[in-house]
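Participant: Residues per chain are reported as follows:
2 protein chains.
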Amino acid sequence: MAGDRIIATYWIETSHPLEFAAEVMAGEQSCGTFVRVPGETAELRERHAARVERVTELEIVDAPSLPHSTSPENHDGGFKRAEVELSFPLANMGASLPNLLSTVCGNLYELREFSGLKLIDLKLPRAFAEKYPGPQFGVAGTRRMAGVEGRPIIGTIIKPSVGLSPEQTAELVKTLIEAGLDFIKDDELMANPPHSPFSARFAAVSRAINDYAERTGKKPMYAFNITDELDEMLRHHDEVFSGGGACIMVSLNHVGAPAVAHLRRHSQLPIHGHRNGWGMLTRAPYLGVEFRAWSQVWRLAGVDHMHCNGLRNKFWEPDESVVASARACLTPLFEDKPCIAMPVIASAQWAGQAVDTYREIGSADLMYVCGGGIVAHPDGVAAGVLSVRQAWEAALAGVMLEDYAATHRELQRALEKFGP
Amino acid sequence: MAGDRIIATYWIETSHPLEFAAEVMAGEQSCGTFVRVPGETAELRERHAARVERVTELEIVDAPSLPHSTSPENHDGGFKRAEVELSFPLANMGASLPNLLSTVCGNLYELREFSGLKLIDLKLPRAFAEKYPGPQFGVAGTRRMAGVEGRPIIGTIIKPSVGLSPEQTAELVKTLIEAGLDFIKDDELMANPPHSPFSARFAAVSRAINDYAERTGKKPMYAFNITDELDEMLRHHDEVFSGGGACIMVSLNHVGAPAVAHLRRHSQLPIHGHRNGWGMLTRAPYLGVEFRAWSQVWRLAGVDHMHCNGLRNKFWEPDESVVASARACLTPLFEDKPCIAMPVIASAQWAGQAVDTYREIGSADLMYVCGGGIVAHPDGVAAGVLSVRQAWEAALAGVMLEDYAATHRELQRALEKFGP
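First to last, the protein sequences are chains F and A. When you line the first sequence up against our numbering, it's residues 74 to 493, in that order. When you line the second sequence up against our numbering, it's residues 74 to 493, in that order.
Isolated chain F (complex conformation) (with noise of 0.2 Å):
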């Protein structure tokens, strides 16, 4: 029955015949190698073994993507690429995550047969839905507590990344959300250093945004980094909560799984997941995960909010990448329980990408990050914010940005500074 089945589907490279190679793959991370052992009956295999479930022929190349793999000799005719679906029973491993991880992102890298091999896509039985929690707060709860209904939640990160101290990263802070912003955060480098103590930070940074709210009635989220040990992770998020403050940030690829889990069934804030380390696992085209299949890991463990890098950004990823991650993120996982996490659009953003991030992803329903596309705005970091939110607005009234410019003169400026 397909609803008791894990569906993995890879991208392959193999020289050999590719029905030989997915079933090395199935053989490998189920019950059996290509040689039988004792106890490997067909009533087990029968029930436990992965299944090839569909292998696509792709095209076929000269050389191999990945060293190491089996010797020419071995090869029939170049090294072939497809896509290969296998299904693995639910009771192979039960709904667990790092024992779903073992199974579809395990030892099946090692394999000699592949030249490249790529997870790029999942599909999760209900019984993860059952024992997983997802998000606590998602994109509703996030907008409830940002105060920001209809637009993308502005926001942008602490910089310098590191350095600054407590009382001067407050400082930067009154700044900020004096000048419009939703949502600020620290830099995935600032979380409990000597030179700025979590506490320390939380307090002052809180000291600001308390200020700012009794002022003016609202209340700007601050992600607050509390990368790090389990103890201090839960320690700093009972800070944050106790304090007042509105959300926690984590590096989920150095945490893991089990331990944002952990923090999740304990938090009473949005978890904001930044991706750092990401490239290391999908920047490789024949080797690692795509965003589509990893992303579902941290969905259910409970991150409320995942990184996706943005269009024109300033690292490597091409923007149909960014789109489908964000889209990715936007999609149910189950229908009952759809584990949506709000898309964190970052990196190199300013008010020139938002009508194409509408257009390309569909939905506003985005933090959108900006650093110096805000506060390099030639005329200072509240009309940097305007800019932004007046290019929403004409993304969302499907008006182009030149026009919507031309009677918005933050918008006009940002262009004119930052556009081509």
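Quick caveat, the hints were computed from the structure, so don't treat them as lab data. You may find that some hints are simply not true.
No more than 16 Å apart at the CA atoms, straight line, and that leaves these computed lysine to aspartate or glutamate pairs for EDC-like [unchecked claim]:
(1) K196/A to D409/A
(2) K204/F to D409/A
(3) K204/A to E305/F
(4) K204/F to D304/A
Over the 10 Å line for every Cβ pair with chain F, so calculated as not near, a few chain A residues [to be verified]:
(5) E183
(6) P451
(7) G471
We treat Cβ as the ideally placed atom computed from N, Cα and C, and that holds for glycine.
Please build the complex by placing chain A on the supplied structure of chain F, with the hints as guidance.
Facilitator: Chain A in isolation, oriented as in the chain F frame:
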């Protein structure tokens, strides 16, 4: 002061001038980008900037190893490869493994200036030794508990990996321990699935081991795979410890360093570290991380045994990489806190690799784990175990395998069956 800095060595490939590229990495991962932002004072840079300590030019290649690096127009003649050493002030993140990883394995993999980037080594300040526990049992503790001195601990893995019931597993364990194995482990695919619940498997396997121990006075070590969410891991640890078990196993990459460190502080048993998924992080020659860097994280977090693959293994990894990994685990991290993790040599191992393994790694402080190389011995499992012991006797005595086999029948028969 060097003692307060983290030294990270990278292999890079870039179309940019090497010094420039190295400065981009250093800037991205510390206090700056190439655009100075307000607040990035000279004093802040002095205290917090990462430093480029060394750039060693290697070869130049025509084509980029990773796609989507800076467009060819920007490059000044080929894609240059180099080894780059950066140093980061400990003050930037403090002695926190997850935050160390955000620094040395973070967004720098995303930088478009690079068509290849791999972390190849790390040297950490003593503060990490003070903060983290390191292995609790290590080589001496493991040897004491397994009752094996002066030679590798000889082990095997339960196969088929998945599908056996607890009772079937215990039956197989009886055969394996009667045959004289020192060590048995669950497969990494077998933790707590519905068809072999952890508690039932532990109870059945323990009975088999305890019966044997009562009769013989020898108690083989069994590594129970407790990989799971955090509470389950702790509960299963407690079950193993209070039930007289000797070892727990964890799939490191899928639980993360904070979960391992948390488990270590709670644990009263050696932690057997399985590295499945590791291929994803290292198999691309020009992306990811090398074992000697990555393994330091787990050694500090407290892993006692570390999987290193084996010579002439069934996977992609060349022997020199396996040897370097095992040597790395046996090389002290700090003079007064060596954090030695016992290398686990596994994958297609049999008597045939013992002499080469000892010569190349230079130590018998190993776990030597064989599957078919023991259970498929033509004269049965006990003969298989003897053949491997004999091979290690030869290795330790400096005798050629073939010579030793002349007077040791089990070894002779193994060479006949598995030899070239």
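Participant: Now tell me, hint by hint, if it's right for this structure.
Facilitator: Here's how the hints hold up against the structure:
no. : hint             : in the structure
1   : K196/A to D409/A : holds, 15 Å
2   : K204/F to D409/A : violated, 44 Å
3   : K204/A to E305/F : holds, 13 Å
4   : K204/F to D304/A : holds, 13 Å
5   : E183             : violated, 4 Å
6   : P451             : holds, 14 Å
7   : G471             : holds, 31 Å
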